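**Student:** These protein sequences, in sequence, are chains A and B.
Residues in the first sequence are numbered consecutively from 1, following the working numbering.
Residues in the second sequence are numbered consecutively from 1001, following the working numbering.
Treat the hints as calculated values from the structure; they're not laboratory data.
As the structure is a computational prediction, the values presented were derived from the model and not from experiment.
All C-beta atoms, glycine included, are put in the ideal place defined by N, C-alpha and C.
There's no promise every hint is true.
On the chain B side, residues computed to face chain A include the following (Cβ under 10 Å) [to be verified]: (1) Phe1031; (2) Asn1058; (3) His1130; (4) Leu1155; (5) Leu1160; (6) Glu1167; (7) Ala1185.
Here chain A is said to cover these stretches of chain B; the calculated rule only asks that three of the stretch's residues, wherever they fall, bring their Cβ under 8 Å from a Cβ of chain A [to be verified]: (8) 1020-1026; (9) 1076-1090; (10) 1191-1202.
There are 2 protein chains.
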Amino acid sequence: MWREHMITYFNGQLLPKESVHISPDDRGFVFADGVYEVIHVYRGQLFATEQHLRRLANSLSEVRIAWPDIQRLPAIARELVKVNGLDQSDGLVYVQITRGVAPRLHPFPDESVPPTVYATASPVEPVPEHWERGIKVILVPDIRWGRCDIKSLALLSNVLAAQEAKERGADEAIFVRDGVITEGARTNVAAVVDGVLVTHPRDHRILPGITRNVVLELCQHLGIPVRESPLAVIDLPRVEELMILGTTKEVTPVVRVDEITIGDGLPGPIAQRLERAYRDLIGAL
Amino acid sequence: MWREHMITYFNGQLLPKESVHISPDDRGFVFADGVYEVIHVYRGQLFATEQHLRRLANSLSEVRIAWPDIQRLPAIARELVKVNGLDQSDGLVYVQITRGVAPRLHPFPDESVPPTVYATASPVEPVPEHWERGIKVILVPDIRWGRCDIKSLALLSNVLAAQEAKERGADEAIFVRDGVITEGARTNVAAVVDGVLVTHPRDHRILPGITRNVVLELCQHLGIPVRESPLAVIDLPRVEELMILGTTKEVTPVVRVDEITIGDGLPGPIAQRLERAYRDLIGAL
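This is chain A alone, in the form it adopts within the complex (with noise of 0.2 Å):
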C-alpha cells in the first residue's frame, strides 16, 4: 500500500518516510547484510508477536548482528500501528535490521557501528476470493542458498520467482529441489495426503513460518493428524488438499498447481477447517 506521509521508525526516531535516508553504505543496500520480520495486525492488534520476536532473534543471531533494542520491538510497533491510524485496521508491521552503515568491505565493521532499524506500518486488505475460490500456483526450481531458515533480505530468487507467478497469471510460486517441495516465495506449503497434513520438515531449507506453526497446534487442537516431511512433486496428483501458509497470506487453498488440478478443484474441508479456526483466533485478539 503506497502512503504518502506515512510515518516510519528510523534508528530510534519516528520520522515520516521522505525523510528517512539510507545511505548508500548501508550494508543492506550493497551486502543484503541484513534480516527482517512481517507482523500481521489485526483490528489494531499485533498477532503472534513472541514468536516473531524469537525468529528475529535467531535471524539476527545466525548473522551476528546485535539489536540491543529488540526487546523494544512491540512497543515500536505500537506506536507505529497508532500514529499512522491503522488501531482499528488489519495491516503489517515491517522491520529490517541491518549491520549498518560502512566502507564496503565485506567483512563485519567495527563493532562500534550500530545496526540500521527501520520500521513500517502499513494498511492491508484481505482478498477473501482467495480463500473462496482457492489460488493458483507455479512450480519454480529451487536456487536459493542453503540457510532459507535466516530472514535474510537476500531476497533476489524470491522476488524473480515472484514475477514469473505473476506473468504466468498465479498467485504465487512454490520452489522445489531434488524433486521436493520447500516453501513458497513467500510462504510455506502444506498438503493434505490421506486425511494427513504433510509440510515440510524443519530445516535449512524453509524459513521456520509462524502461520506455519500455529497451523500446525490447531491441527492438533482439530485432531487433523500432522506428518512433517517432504512432500514430492510426483505426489502432486494424488494430493487431496494443498494450502499455502503465511504471515499475509493466513491460510489460502491451492486449487491449481501448474496444469494439475488440486482435488476437485475446489478449497478442501481441512483447508476452510483450518482458515475458520485461524480466523476464530485472529477474533479473539
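Knowing the structure of chain A, use the given hints to seat chain B on it.
**Tutor:** Same frame as chain A, now just chain B:
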C-alpha cells in the same frame, strides 16, 4: 577507503556522497534486487572496461533490470575518477543498479519505475606483501544460490564467509560444493597441477571473472596449458600452486589452505609469471 566529500554518481547527477539519499523503499535495500560491478583504475585509467560492461549487461539482462544508459558507464566512471582527483592514482570504480523505488511487493514494479544507479570512485592501495609472501585462505561450504554467474547484491553468504576468513587470520574464504572448489568469496580460484593451470569451468556456480578471463588469455600467450575443470578438495595436497584472481586482488598466490601448505609454502613460479604479465598489461594502459 573512507573519504569524506567523495563525489558520487546518483541517478544522473554528480553529488557528494553525504547528499545521496537512498529510499527505504529502494528494492536494493529491501530485496537485494540489483547487480553491481567493480572496475580497477590504474594511474587514472580504467582496466578491462569493455569486459566489465559486457558482464554488467549480462547481469542486468539475467535479472531483467533495464538501464538504458549503460553505454554511458565508461564516461561516468572517467568523470568520477577525475572529480575525485584520482587521475594519476590507483582506485576502484563501483557501480550498483537496483530495480528502483516502489512499494514492497516481490514482483517487479511497473515498467515506468526507473532503476536506481549509484557509482563511486575511491583510491585503493596494493598490498605488496601479498604477492611477495602469498596469502592464507580457508575452506567454507558453498551454500550460495544457484546463479553465482550473476553479480547480484545478494551477498550475505559472501559476507559471512569473508568474516570467517578474517577471524581465522586468513585473507580469503574459498567455497567448496560437492567436494569441489568453486571460487572465493570475492575472487576466482586457480591451481597448478602437473604444470597445468586448473580452474572451475564457467557455469552457474562461479562468477565469470574478468581477471580470470585475462589470466586465461595470458596463459595462452605464455604457453601455460589450461584446463577448465573442477578441482577436488582432496587433490589440494598435491597441487603445485594455488592462486586467487580478482579485480581487486589481481593475481595473488595462496600458500596455505586451512592447515595445508601449498607447494613449498612460497609463491610459485607460474603465479609469479602471471603476476608479472598482468602488471605488464597494466603498465601498458
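**Student:** The structure should be examined with respect to each hint, and the outcome stated for every one.
**Tutor:** Results for each hint:
Checking Phe1031 (chain B) against chain A: minimum C-beta separation of about 4 Å stays under 10 Å; hint holds. About 15 Å separates the beta-carbon of Asn1058 (chain B) from the nearest beta-carbon of chain A, more than 10 Å, and the hint is not met. The beta carbon of His1130 (chain B) comes no nearer than 15 Å to any beta carbon in chain A, farther than 10 Å, and the hint placing it at the interface is violated. With its C-beta approaching chain A no nearer than about 4 Å, Leu1155 (chain B) sits inside the 10 Å limit, and its interface hint holds.
Taking 10 Å as the C-beta cut-off, the interface hint given for Leu1160 (chain B) holds, the closest approach to chain A being about 7 Å. Of the supplied interface hints, the one on Glu1167 (chain B) holds, with its beta-carbon coming within about 8 Å of a beta-carbon of chain A, less than 10 Å. For Ala1185 (chain B), the interface hint holds, since its Cβ comes within 10 Å of a Cβ in chain A; the closest pair sits about 6 Å apart. Here the stretch 1020-1026 of chain B counts 7 residues with a CB under 8 Å from a CB of chain A, which clears the bar of 3, and the coverage holds.
A count of 0 residues in the stretch 1076-1090 of chain B with a Cβ less than 8 Å from any Cβ of chain A is obtained; the coverage claim is therefore unmet, three being the minimum. Counting residues of the stretch 1191-1202 of chain B whose CB lies closer than 8 Å to any CB of chain A gives 0, which falls below the minimum of 3, so the coverage claim is violated.
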